[in-house]
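My request is simple: use the sequences and hints to build the entire structure.
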Amino acid sequence: MKISTINIARLRVQEDFGFQELVKNETDQLPLLESASGYTAGLKTDVENHGKAFGEFDTALKAASSVPSAAEVSNLDRQRDDSCTKLYTFVRGISGHPDKEKAKVGAEAVAVFKKYGGGSIVDQPQNQESGTLRNLIQDFRAMDVSKLTQTGIKDFVDDLEQKQTAYLAAVKKRAKEERSELTGVIKQKRKACDEAYLKLIETVNALVVVNGDVPYRGFVESVTSHINHQKSTLANRQTNADKKPKDPKQPKQPKQPKEPKPQKPGKDDGKPDIHLPEKEEPKKPGGDSGAGKKPDGGSGAGGGSGTGGAGDSGNPDIHLPKEG
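For the sequence shown, full-length UniProt numbering gives the first residue as 1, with consecutive numbering after it.
Worth flagging that the hints you see were computed from the coordinates, not collected in a lab. Accuracy of the hints is not assured; some may be wrong.
Said to hold, decoys possible - List of simulated lysine to any residue pairs, SDA-like, C-alpha gap at most 25 Å:
#: 1; residue 1: Lys102; residue 2: Asp155
#: 2; residue 1: Lys176; residue 2: Ile8
#: 3; residue 1: Lys24; residue 2: Ser120
#: 4; residue 1: Lys62; residue 2: Ala192
#: 5; residue 1: Lys191; residue 2: Arg10
#: 6; residue 1: Lys52; residue 2: Leu22
#: 7; residue 1: Lys187; residue 2: Gln238
#: 8; residue 1: Lys191; residue 2: Arg179
#: 9; residue 1: Lys24; residue 2: Glu195
#: 10; residue 1: Lys176; residue 2: Glu21
#: 11; residue 1: Lys86; residue 2: Asp139
#: 12; residue 1: Lys102; residue 2: Phe113
#: 13; residue 1: Lys86; residue 2: Asn75
#: 14; residue 1: Lys24; residue 2: Ser232
#: 15; residue 1: Lys187; residue 2: Arg12
#: 16; residue 1: Lys176; residue 2: Ser74
#: 17; residue 1: Lys176; residue 2: Gly18
#: 18; residue 1: Lys115; residue 2: Ile94
#: 19; residue 1: Lys114; residue 2: Ala235
#: 20; residue 1: Lys231; residue 2: Ala169
#: 21; residue 1: Lys102; residue 2: Asp144
#: 22; residue 1: Lys24; residue 2: Ser37
Here the structure is a predicted model, which is why all the values come from computation and not from measurement.
Printed below as a string of structure tokens:
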């Protein structure tokens with residue numbers, strides 16, 4: 001079993017510091033004595049280098065603790081710890097309520113707490129506690145609101161969420177102040193600590209392949225657990241970011257209507273291009289008001305009906321004199 005990877009560059013400064021501290025505290029599970037199975041001088045050197053880099057990272061962050069919001073963060077952290085402890089104590093009491101329905105709700109709430117460590121949540125490093133409380137509160141919000149209200153649990157959950165929100169806002173403010181004062185130093189020391197961590201993990205994974213995982217199992221399993229917690233924090237953050245409504249797009253300007261193209265002269269669309277007064281055909285003498293009838297072709301001089309006047313005979317109306 002090897003240690004999985006995590007992109008520690010995605011962690012915030014305080015999150016990374018808390019994670020590095022957890023890793024440092026697990027190194028006592030490694031074989032660091034020459035007589036121990038799985039010991040190597042290279043492993044011992046990597047552990048020492050990581051410890052030294054972590055110490056310098058710690059010093060840089062402590063120098064930043066003088067920023068105005070640092071005290072506010074500590075105070076709000078104590079307040080959320082107190083609120084969390086009160087909620088846990090209350091749900092444990094409800095789980096023993098004489099009313100069976102209320103006791104059932106209390107038992108469900110206790111089960112939610114135990115999933116994240118029960119009363120020991122407040123003993124977690126601040127960055128880890130923030131992620132744990134976020135998940136804890138979400139689980140309570142998924143429970144039946146009416147039942148939480150009837151048992152009084154909802155009031156405690158609301159209080160914890162308010163304390164958590166205030167703490168996170170103060171942490172954000174502190175981070176802004178720290179960036180303006182010690183950004184360069186902290187960034188440098190963090191980078192060195194991250195590199196020492198990666199070198200340590202690389203060495204341990206290589207030794208697992210060579211010597212088997214038995215001498216390193218405790219360290220590997222513990223660090224893997226811490227990595228999974230950090231991955232969960234990153235995933236929740238991404239989920240919350242995805243839920244935020246995106247800025248609406250600017251509406252597009254409506255297109256201006258195109259100028260109608262002039263019709264080409266002579267286009268056969270059934271409509272005249274130029275309207276002129278219509279010419280009347282000259283009336284033929286003796287005919288109707290309309291045009292005279294055309295002679296029937298091939299009827300001869302006597303082809304008319306012979307029933308009407310000159311206009312109806314089928315012969316020309318105008319007679320030319322015959323030549324002498």
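Hint-by-hint comparison with the structure:
Taking the CA atoms of Lys102 and Asp155, the gap is about 15 Å. The hint holds against a cut of 25 Å. Among the hinted pairs, Lys176 with Ile8 is consistent with the structure: their alpha-carbon atoms are about 20 Å apart, no more than 25 Å. For the proposed pair Lys24 and Ser120, the alpha carbon gap of about 20 Å is at most 25 Å, so the pair holds. In summary, the hint linking Lys62 to Ala192 is supported, as the alpha carbons are separated by about 17 Å, within the 25 Å threshold.
Distance check on the hinted pair: Lys191 and Arg10 sit about 12 Å apart at the alpha-carbon level, within 25 Å; holds. Note on Lys52 and Leu22: the hinted pairing holds, with a Cα-Cα distance of about 15 Å set against a maximum of 25 Å. Restraint check: the Cα-Cα separation between Lys187 and Gln238 comes to about 23 Å, which is no more than 25 Å; the hinted pair holds. A threshold of 25 Å between alpha carbons decides the hint, and for Lys191 with Arg179 the separation of about 15 Å falls inside it, so the pair holds.
A C-alpha spacing of about 14 Å is found between Lys24 and Glu195, which places the hinted pair at or below 25 Å, so the restraint holds. Distance restraint check for Lys176 and Glu21: the Cα-Cα separation of roughly 23 Å lies within the 25 Å cut-off, and the hinted pair is therefore satisfied. The hinted pair formed by Lys86 and Asp139 meets the criterion: a straight-line CA distance of about 17 Å does not exceed 25 Å. Pair hint Lys102 plus Phe113 holds up; C-alpha atoms about 17 Å apart against a cutoff of 25 Å.
Distance restraint check for Lys86 and Asn75: the Cα-Cα separation of roughly 17 Å lies within the 25 Å cut-off, and the hinted pair is therefore satisfied. For a cut-off of 25 Å, the pair hint linking Lys24 to Ser232 stands: about 21 Å separates their Cα positions. Pair hint Lys187 plus Arg12 holds up; C-alpha atoms about 11 Å apart against a cutoff of 25 Å. Our distance criterion of 25 Å between C-alpha atoms is met by Lys176 and Ser74, whose separation comes to about 16 Å.
With a CA separation close to 19 Å, the supplied pair Lys176 and Gly18 stays within the 25 Å bound. For the suggested pair Lys115 and Ile94, the alpha carbons sit about 18 Å apart, so the restraint of at most 25 Å is met. Using a Cα cut-off of 25 Å, the hinted pair Lys114 and Ala235 holds, with the two alpha carbons roughly 22 Å apart. Taking the CA atoms of Lys231 and Ala169, the gap is near 22 Å; set against the 25 Å cutoff, the hint holds.
Restraint check for Lys102 and Asp144: the C-alpha separation of about 12 Å stays at or below 25 Å, so the hint holds. Annotation: proposed proximity of Lys24 to Ser37 holds, straight-line Cα distance about 20 Å (limit 25 Å).
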